[in-house]
Amino acid sequence: MASRLERINRFLDGVHRNRREIVTPEGVALEVEIANHGERLTAFVIDLFFWLMTTLFLVLAFALAVREHVNGAVAATIMLFVAFLVRNLYFIHFELTTQGSTPGKRIVGLKVIDCDGGALTPAAIVARNLTREVETFMPLGLYLSLPAAGAGAWAQLAYLGWIGLVSALPLFNRDHRRAGDLIGGTIVIATPKRRLLAELGEERARYAFSRRQLETYGAFELQVLEEVLRRPPSGDTSRILDEVCNKIGRKIGWEEAIPHADSRAFLTAFYSAERAHLEREQLFGVFREDKTSAPRRE
Amino acid sequence: MSVETARAQEGAPPRPLLALHSAEFRRGREAAWTDLDALITKAETKGVPALSADELRRLPRLYRTAVSSLSVARSIALDRNLLLYLEGLALRAYFVVYGPRVGLTESFVAFVTRGFPAEARRAAAAIALAFAAVLVGVAVGFALVEGNESWFSTLAPESLTGGRSPASTAAELRDGEIFAPWPGFVPSFVVFANFLFRHNATIGIMSFALGVAGGAPTLALLAYQGAVFGAFMALHYNRGLLIDFLGWTSIHGVTEFGALILCGAGGLVIAITILFPGQYSRLENLALRGREAAGLAAGAVLMLFVAGLIEGGFRQLIANTPGRFAFAAATAALWLVYFLRAGRRSGGGEQA
Numbered sequence: 000m001a002s003r004l005e006r007i008n009r010f011l012d013g014v015h016r017n018r019r020e021i022v023t024p025e026g027v028a029l030e031v032e033i034a035n036h037g038e039r040l041t042a043f044v045i046d047l048f049f050w051l052m053t054t055l056f057l058v059l060a061f062a063l064a065v066r067e068h069v070n071g072a073v074a075a076t077i078m079l080f081v082a083f084l085v086r087n088l089y090f091i092h093f094e095l096t097t098q099g100s101t102p103g104k105r106i107v108g109l110k111v112i113d114c115d116g117g118a119l120t121p122a123a124i125v126a127r128n129l130t131r132e133v134e135t136f137m138p139l140g141l142y143l144s145l146p147a148a149g150a151g152a153w154a155q156l157a158y159l160g161w162i163g164l165v166s167a168l169p170l171f172n173r174d175h176r177r178a179g180d181l182i183g184g185t186i187v188i189a190t191p192k193r194r195l196l197a198e199l200g201e202e203r204a205r206y207a208f209s210r211r212q213l214e215t216y217g218a219f220e221l222q223v224l225e226e227v228l229r230r231p232p233s234g235d236t237s238r239i240l241d242e243v244c245n246k247i248g249r250k251i252g253w254e255e256a257i258p259h260a261d262s263r264a265f266l267t268a269f270y271s272a273e274r275a276h277l278e279r280e281q282l283f284g285v286f287r288e289d290k291t292s293a294p295r296r297e
Numbered sequence: 000m001s002v003e004t005a006r007a008q009e010g011a012p013p014r015p016l017l018a019l020h021s022a023e024f025r026r027g028r029e030a031a032w033t034d035l036d037a038l039i040t041k042a043e044t045k046g047v048p049a050l051s052a053d054e055l056r057r058l059p060r061l062y063r064t065a066v067s068s069l070s071v072a073r074s075i076a077l078d079r080n081l082l083l084y085l086e087g088l089a090l091r092a093y094f095v096v097y098g099p100r101v102g103l104t105e106s107f108v109a110f111v112t113r114g115f116p117a118e119a120r121r122a123a124a125a126i127a128l129a130f131a132a133v134l135v136g137v138a139v140g141f142a143l144v145e146g147n148e149s150w151f152s153t154l155a156p157e158s159l160t161g162g163r164s165p166a167s168t169a170a171e172l173r174d175g176e177i178f179a180p181w182p183g184f185v186p187s188f189v190v191f192a193n194f195l196f197r198h199n200a201t202i203g204i205m206s207f208a209l210g211v212a213g214g215a216p217t218l219a220l221l222a223y224q225g226a227v228f229g230a231f232m233a234l235h236y237n238r239g240l241l242i243d244f245l246g247w248t249s250i251h252g253v254t255e256f257g258a259l260i261l262c263g264a265g266g267l268v269i270a271i272t273i274l275f276p277g278q279y280s281r282l283e284n285l286a287l288r289g290r291e292a293a294g295l296a297a298g299a300v301l302m303l304f305v306a307g308l309i310e311g312g313f314r315q316l317i318a319n320t321p322g323r324f325a326f327a328a329a330t331a332a333l334w335l336v337y338f339l340r341a342g343r344r345s346g347g348g349e350q351a
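Sequences listed follow chains A and B, in order.
Note that numbering that gives the first Met the number 0 numbers the first sequence so that position 17 is 16, with each residue one more than the last.
Note that numbering that gives the first Met the number 0 numbers the second sequence so that position 341 is 340, with each residue one more than the last.
Please keep in mind that the hints were generated in silico from the structure rather than gathered at the bench.
Mixed in with the good hints, there may be bad ones.
[Stated by the list, open to error] List of simulated lysine-lysine pairs, DSSO-like, C-alpha gap at most 27 angstroms:
1. LYS290/A to LYS250/A
2. LYS45/B to LYS192/A
3. LYS290/A to LYS246/A
4. LYS41/B to LYS192/A
[Claimed, not checked] What the simulated footprint calls covered on chain A by chain B, stretch by stretch (three residues with Cβ under 8 angstroms from a Cβ of chain B suffice, anywhere in the stretch; the number is not a length):
5. 23-33
6. 39-45
7. 82-93
8. 108-115
9. 198-204
10. 227-241
11. 282-291
[As the list claims (entries may be wrong)] Anything over 10 angstroms on all C-beta distances counts as not near chain A; from chain B, calculated:
12. GLU29
13. ILE309
14. LEU316
15. ILE317
16. TYR337
Glycine included, C-beta positions come from ideal geometry on N, C-alpha and C.
Excised from the complex, chain A in its bound form:
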């Protein structure tokens, strides 16, 4: 059903996301949008920043507290251990308490969910985050701890190859799942914030249109018009409104000239009439996708 919106979303928002359906216990199918690679990378980089800062802060605090009493080796071990703990607890804690979003994910608008839409269990969260350790951090640590030149060339290659292969995994499946998502049975979805804007349709309008005029367009054009009308007022917007107004006027054979000042009023009236027309048709089981396609009975 909602996939009817897919084309218009892609056209107007310029973002394409794969979709997947989950069915609520009430029997309503909800569509989720799979997060894109770029979004996930951004979220990860933000999280990386946060936990690096936390680790740095903790280590500095610790170093100040005990700087007299310990030597370099002890300090290094403690640092590594604190980094290990913060890293793992950071992701697990936030995904547990805020139901699937770390601060980075929340900023970008992502969320971890169970791949069947069921409850996101602690086991799944631990599984997907521990695997992160194996996917990236451990081979990275091993790679960095190798001697710089000579002896470890093959080992270096192996570690880098492993990181490369595992990081490329999300590129090769439809749901963009990384190894941890496969093991935990989770997917990461995008939850863009959407506000409910004011109703555009006006039931009392200055212009009336005939059925023939309204049959010129379909749902796609209606929703493009909606987007145009929802643009914040500016010089640019009024120019676009004029253009659209002329185009529609020509197309539906509107005979009187529409003054510039009335462009918005005319388009709003046309939008309302068109929507009322298409919605009524839809109520009777006839859906018209766009101006080029014939009305479809369903």
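Position chain B against the provided structure of chain A, taking the given hints into account.
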């Protein structure tokens, strides 16, 4: 005609009166949506506990309203903003209403007291297989080094030998290693235990992760760990120190090898899931058993932490072989009881 024109009184400009069903529909329900939106936003940012009793009572009713509004809107409305808003609202509300509400401590306690032992019991076959791989490794390592000590440096990595080599004499091993004095709190606990913990955790997690590659690498890695141990055993055996060496290692080795075997078993569970998916697809099956397997590995890392503490501390504090064996037997018994009994409900099913 879809446009109903209604002429107002004489003289007024003609004004068509539209029947916008979706606008009417929206007017009736918008208040409930806004209310729900505010509730979810609060729950998302401050957590569900931040909701008051009254808000909690309203939440499920408002959620059902939103879900049914969505179904209706999909069939009657063409307002894209409205549709997208309702899709998003219903989805967000769904996650708040049906999402789990467990904190870090709570789920940690549940995992340690019930989840981990239950998962270990379920993976009994994989554990047996991993154990067998380690035993084979020990036997091979022992046989190789016992016959020809030049194998020792081939098998054991330098970072672990700590100066022990075929050149070591019995006296060196006895006084510098097995019965060495306790070096003090900071070096033994913080540096050495931590190094061992990270080394073992790396190997453990690696043997778990290699399960994805079909199990053979996991078995090989486990066997190799066994072989290193077998090599050390042979080195000490040739100097007549086998019993003392076993006592010295068993004190933490029981926990450590137990953990490594559990990690390996986790990897094997994954391998079996991938190789023999049964009635589900490989991915579904992986999602089903992968969590359990990862749980095994996570629990095993906790065990390694315990092993690191024992190794760094208690090992040199108990300076005689019978005492060490007694301690090792006690840890073995504790782990056995834990894995066999913990989390089992008397008369009821298991709580996973």
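Cross-check of the supplied hints:
1. Taken as a hint, the LYS290/A and LYS250/A pair is honoured in the structure, with Cα atoms around 11 angstroms apart against an allowance of 27 angstroms.
2. Taking the CA atoms of LYS45/B and LYS192/A, the gap is near 17 angstroms; set against the 27 angstroms cutoff, the hint holds.
3. For the hint pairing LYS290/A with LYS246/A, the CA-to-CA distance comes to about 14 angstroms; that is within 27 angstroms, so the pair holds.
4. At roughly 14 angstroms between alpha-carbon atoms, LYS41/B and LYS192/A fall within 27 angstroms of each other, so this suggested pair holds.
5. Counting residues of the region 23-33 of chain A whose C-beta lies closer than 8 angstroms to any C-beta of chain B gives 7; at least three are required, and the coverage claim holds.
6. With 0 residues having a Cβ less than 8 angstroms from any Cβ of chain B, the region 39-45 of chain A misses the three-residue criterion, and the hint is violated.
7. Here the region 82-93 of chain A counts 4 residues with a CB under 8 angstroms from a CB of chain B, which clears the bar of 3, and the coverage holds.
8. With a threshold of 8 angstroms between beta carbons, the proposed coverage of the region 108-115 of chain A by chain B holds, since 3 of its residues qualify and at least three are required.
9. Requiring three or more residues with a Cβ within less than 8 angstroms of a Cβ of chain B, the coverage given for the region 198-204 of chain A holds, as 7 such residues are present.
10. Only when three residues or more bring their CB closer than 8 angstroms to a CB of chain B does the claim for the region 227-241 of chain A stand; here the count is 1, and the claim is violated.
11. Counting residues of the region 282-291 of chain A whose CB falls under 8 angstroms from any CB of chain B gives 1; the rule of at least 3 is not met.
12. Non-interface call for GLU29/B relative to chain A: violated, since the shortest CB-CB distance, roughly 7 angstroms, does not exceed 10 angstroms.
13. Here ILE309/B stays apart from chain A, with its beta-carbon at least about 17 angstroms from theirs, past the 10 angstroms limit.
14. Distance to chain A confirms LEU316/B as a non-interface residue, since its nearest Cβ pair spans about 20 angstroms, more than 10 angstroms.
15. Every CB of chain A is more than 10 angstroms from the CB of ILE317/B (nearest about 24 angstroms), matching its label as outside the interface.
16. Against chain A, the non-interface label of TYR337/B holds: every CB pair exceeds 10 angstroms, the least being about 19 angstroms.
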